[in-house]
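Asker: Take the given structure of chain A and dock chain B to it, following the hints.
Which chain is which? The protein sequence lines are A and B, in order. Under my numbering, the residue at position 274 of the first sequence is numbered 274, and the numbers go up by one with no gaps. Under my numbering, the residue at position 267 of the second sequence is numbered 563, and the numbers go up by one with no gaps.
Mixed in with the good hints, there may be bad ones.
[What the hints assert, rightly or not] Short derived list, chain A residues pointing at chain B, Cβ under 8 Å:
no.	residue
1	20
2	35
3	37
4	106
5	110
6	113
7	132
[What the hints assert, rightly or not] Residues from chain A shown here face chain B by an in silico Cβ test under 10 Å; the list is partial:
no.	residue
8	34
9	92
10	294
[Claimed, not checked] Chain A is nowhere near these chain B residues, computed Cβ spacing over 12 Å in every case:
no.	residue
11	367
12	490
13	497
Because the hints were derived from the structure by calculation, they are not lab data. No residue lacks a Cβ here, since even glycine has one placed at the ideal position from N, Cα and C.
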Amino acid sequence: MVETGKRIAPYVFISPFLILFAIFGIFPILYSITISFFKWTLAGPQDFRGIQNYISLLTTDPFFIGSLKTTFILLVFGSLLQHVFAIPLAIVLNDQKVKGRGFFKVMYFLPYITSTVVIALVFNQLYEQNYGWFNFIIENWLGLEGVKWVQNPGAIKASIAIMVNWRFIGWNTIIYLAGLQSIDKVLYEAAEIDGATGFRKHWHVTVPLLLPIIFFAVSMSIIGGMQLFEEPFVLMKGYETMGGPSNAGLTSAYYLLGTGFNFNRFGKASAIAWILFAIIMAMTWMNKVVTDRLQR
Amino acid sequence: MDQKSSSLGRFGGKTILYAILMVFVFIFGFPFYYMFVLSTVPGTEVYRNPPHIFFKSSFFTNISALFDDIPFAINFFNSFGIATLATVTVIFFCTMGGFALAKYDFKWKKPIFVLMLSTMAIPPFLNIIPFFKMMIFFQWYGTWLPLIVPGMANAFGIILMTQFMQSSIPDALMDAARIDGLTEFGILTRIAFPLSRSGIAVLGIMTFINSWNNFLGALVMLPNINSTTLPVALSKLFMQMDGDRGGLMAGTVLAVVPLIFVFIAFNKQIISGLAAGSVKG
Numbered sequence: 001m002v003e004t005g006k007r008i009a010p011y012v013f014i015s016p017f018l019i020l021f022a023i024f025g026i027f028p029i030l031y032s033i034t035i036s037f038f039k040w041t042l043a044g045p046q047d048f049r050g051i052q053n054y055i056s057l058l059t060t061d062p063f064f065i066g067s068l069k070t071t072f073i074l075l076v077f078g079s080l081l082q083h084v085f086a087i088p089l090a091i092v093l094n095d096q097k098v099k100g101r102g103f104f105k106v107m108y109f110l111p112y113i114t115s116t117v118v119i120a121l122v123f124n125q126l127y128e129q130n131y132g133w134f135n136f137i138i139e140n141w142l143g144l145e146g147v148k149w150v151q152n153p154g155a156i157k158a159s160i161a162i163m164v165n166w167r168f169i170g171w172n173t174i175i176y177l178a179g180l181q182s183i184d185k186v187l188y189e190a191a192e193i194d195g196a197t198g199f200r201k202h203w204h205v206t207v208p209l210l211l212p213i214i215f216f217a218v219s220m221s222i223i224g225g226m227q228l229f230e231e232p233f234v235l236m237k238g239y240e241t242m243g244g245p246s247n248a249g250l251t252s253a254y255y256l257l258g259t260g261f262n263f264n265r266f267g268k269a270s271a272i273a274w275i276l277f278a279i280i281m282a283m284t285w286m287n288k289v290v291t292d293r294l295q296r
Numbered sequence: 297m298d299q300k301s302s303s304l305g306r307f308g309g310k311t312i313l314y315a316i317l318m319v320f321v322f323i324f325g326f327p328f329y330y331m332f333v334l335s336t337v338p339g340t341e342v343y344r345n346p347p348h349i350f351f352k353s354s355f356f357t358n359i360s361a362l363f364d365d366i367p368f369a370i371n372f373f374n375s376f377g378i379a380t381l382a383t384v385t386v387i388f389f390c391t392m393g394g395f396a397l398a399k400y401d402f403k404w405k406k407p408i409f410v411l412m413l414s415t416m417a418i419p420p421f422l423n424i425i426p427f428f429k430m431m432i433f434f435q436w437y438g439t440w441l442p443l444i445v446p447g448m449a450n451a452f453g454i455i456l457m458t459q460f461m462q463s464s465i466p467d468a469l470m471d472a473a474r475i476d477g478l479t480e481f482g483i484l485t486r487i488a489f490p491l492s493r494s495g496i497a498v499l500g501i502m503t504f505i506n507s508w509n510n511f512l513g514a515l516v517m518l519p520n521i522n523s524t525t526l527p528v529a530l531s532k533l534f535m536q537m538d539g540d541r542g543g544l545m546a547g548t549v550l551a552v553v554p555l556i557f558v559f560i561a562f563n564k565q566i567i568s569g570l571a572a573g574s575v576k577g
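Okay, chain A solo, but in the shape it has when bound (with noise of 0.2 Å):
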């Protein structure tokens, strides 16, 4: 009686995931590749397509091809960027000697748990051409012509990856020293008496000794990047400004989910996930094999 308890437990206490999973995972993926080989409006599915919505996309849509031009620079100003920020304030902040480290750990992890919207909303008061700090700074501190932040094509996409930049460099930081905080304090001492300090410590010593968190870390930016939908969609006004003026903050999950929920293409929005799911695993593909060859 315990024994078959004992071995039935497990499958029961485990089985909520494995019928979620079935329901909600495993199923939608099936039926999203259906559904990308249909022309599919509200009304269902009119005709079968095959590959013509992927080829299409990649050959006759130009905002597709601009939504992904536009993905990628974010990735790297956004995403990608960040890291050069929270590599050095983890390895400062890894720092016994340094006082307050847990007020500096919970001010620099504020920004993470805020929501979008509200950073959206706030950021766009602060890029106000007229009336906001950025501007005022620029243009008075600096003496320089102010920026039009949510006008401007260029500047559209440097406010959306200054807003990146702004919600996740604490959120690397804090994986970056929980990765510090594994390696062994024995190698610094051995890296001091070789007579390394400083810059040249970190470098050949916590650099290398961090790569598979960076691997991690990287990982996760390329897989958020990829899908950065929430701060344009909210600072470009939603799914009829197209990512606002030359669809300049047009990203391709932004793309999809207008061509979803805003046109009804649903076949031709299953089609952008795939491709975007494509990408995203060919870079972390591409990650894993730097990331290798570093280490070796």
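Answerer: Relative to the frame of chain A, chain B by itself:
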């Protein structure tokens, strides 16, 4: 002489170090400060040059303006209700799943664990279109269910709880309970749950914050401003018109303050929970 200059150099280095750390405190803190300031500025005076830096006294005027702009009570109730139900169900099902992986040996344990890790790599956008169709078919569209049920037993939560429970529940205690006639479910509820309180706290707080901030799900499933959550309602207010900035800023404060309190009260657990998940996972 030498010693003096080097200690001076160290002092200078330290000052620069703290200065850099404080610059980042300012960068991350100022938008919050500015949000609080703007929530107290009368709606008609928000646009001013130089921009505002000090608090004004119109917070409650702005709040009542916000209540005219959006059905705030409904939006807040939806946000709070969805986040609470999501938290309770996630705690129950993920602790249960984590218990299975942490404290039992069974044939399919390894494959199930690998399956869980791989589900975390599936981007949510891949499923959003078919998920929408399914929710209409289930007649769940426009209800709270799509925002609660699919994530109840999620891989992240189960793996987090597995890590906590591996060390916090002694095998001997479970065997003793079996001899005393407790069923396996009884062991889960009477021994595993109480002994994993600290893990449950981390999981619960993180689930509540994520659910409260879930924008995409609420945008797609609850698009009507009269039946949606606070973040979506605020975004709709922002997109509708350019006039009432005072009400909007008061709304952002009300949407953020509950989370800031939760975060400051539990910051050690949240930060350590995140760190544990990333380094071991």
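Asker: With 8 Å as the cut and Cβ atoms as the points, is residue 113 of chain A at the interface with chain B?
Answerer: 5 Å, holds
Asker: Against chain B, run the beta carbon of residue 34 of chain A and see if the smallest gap drops under 10 Å.
Answerer: Holds - the Cβ of residue 34 of chain A comes within 10 Å of chain B, reaching about 8 Å at its closest.
Asker: A closest beta-carbon separation below 8 Å is what the hint needs, so does residue 37 of chain A meet it against chain B?
Answerer: Not OK, violated: residue 37 of chain A not within 8 Å of chain B, min 13 Å.
Asker: Holds or violated: the hint that residue 294 of chain A contacts chain B, with Cβ atoms closer than 10 Å.
Answerer: Where the cut-off is 10 Å and the nearest Cβ of chain B is about 19 Å from residue 294 of chain A, the hint is violated.
Asker: Measuring from the C-beta of residue 20 of chain A to each C-beta in chain B, is the shortest one below 8 Å?
Answerer: The hint holds - residue 20 of chain A has a Cβ within 8 Å of chain B, the shortest such distance being about 5 Å.
Asker: Using Cβ atoms only, decide whether residue 110 of chain A comes closer than 8 Å to chain B, and label the hint accordingly.
Answerer: OK, holds: residue 110 of chain A within 8 Å of chain B, min 6 Å.
Asker: When the nearest CB of chain B is found for residue 35 of chain A, is that gap smaller than 8 Å?
Answerer: Holds, about 6 Å.
Asker: Hint residue 132 of chain A vs chain B: min CB-CB distance below 8 Å?
Answerer: 6 Å, holds
Asker: Is the Cβ of residue 497 of chain B farther than 12 Å from every Cβ of chain A?
Answerer: Answer for residue 497 of chain B: holds, closest chain A Cβ roughly 15 Å.
Asker: With a cut-off of 10 Å on the beta carbons, see whether residue 92 of chain A makes it to chain B.
Answerer: At 6 Å from the nearest chain B Cβ, residue 92 of chain A passes the 10 Å test, so the hint holds.
Asker: Verify that the Cβ of residue 367 of chain B lies farther than 12 Å from every Cβ atom of chain A, and report whether the claim holds or is violated.
Answerer: 17 Å, holds
Asker: Just checking, residue 490 of chain B versus chain A, shortest CB gap more than 12 Å?
Answerer: It holds; residue 490 of chain B is separated from chain A by about 17 Å at its closest Cβ, greater than 12 Å.
Taken one by one, the earlier hints fail for this structure at numbers 3, 10, listed in ascending order.
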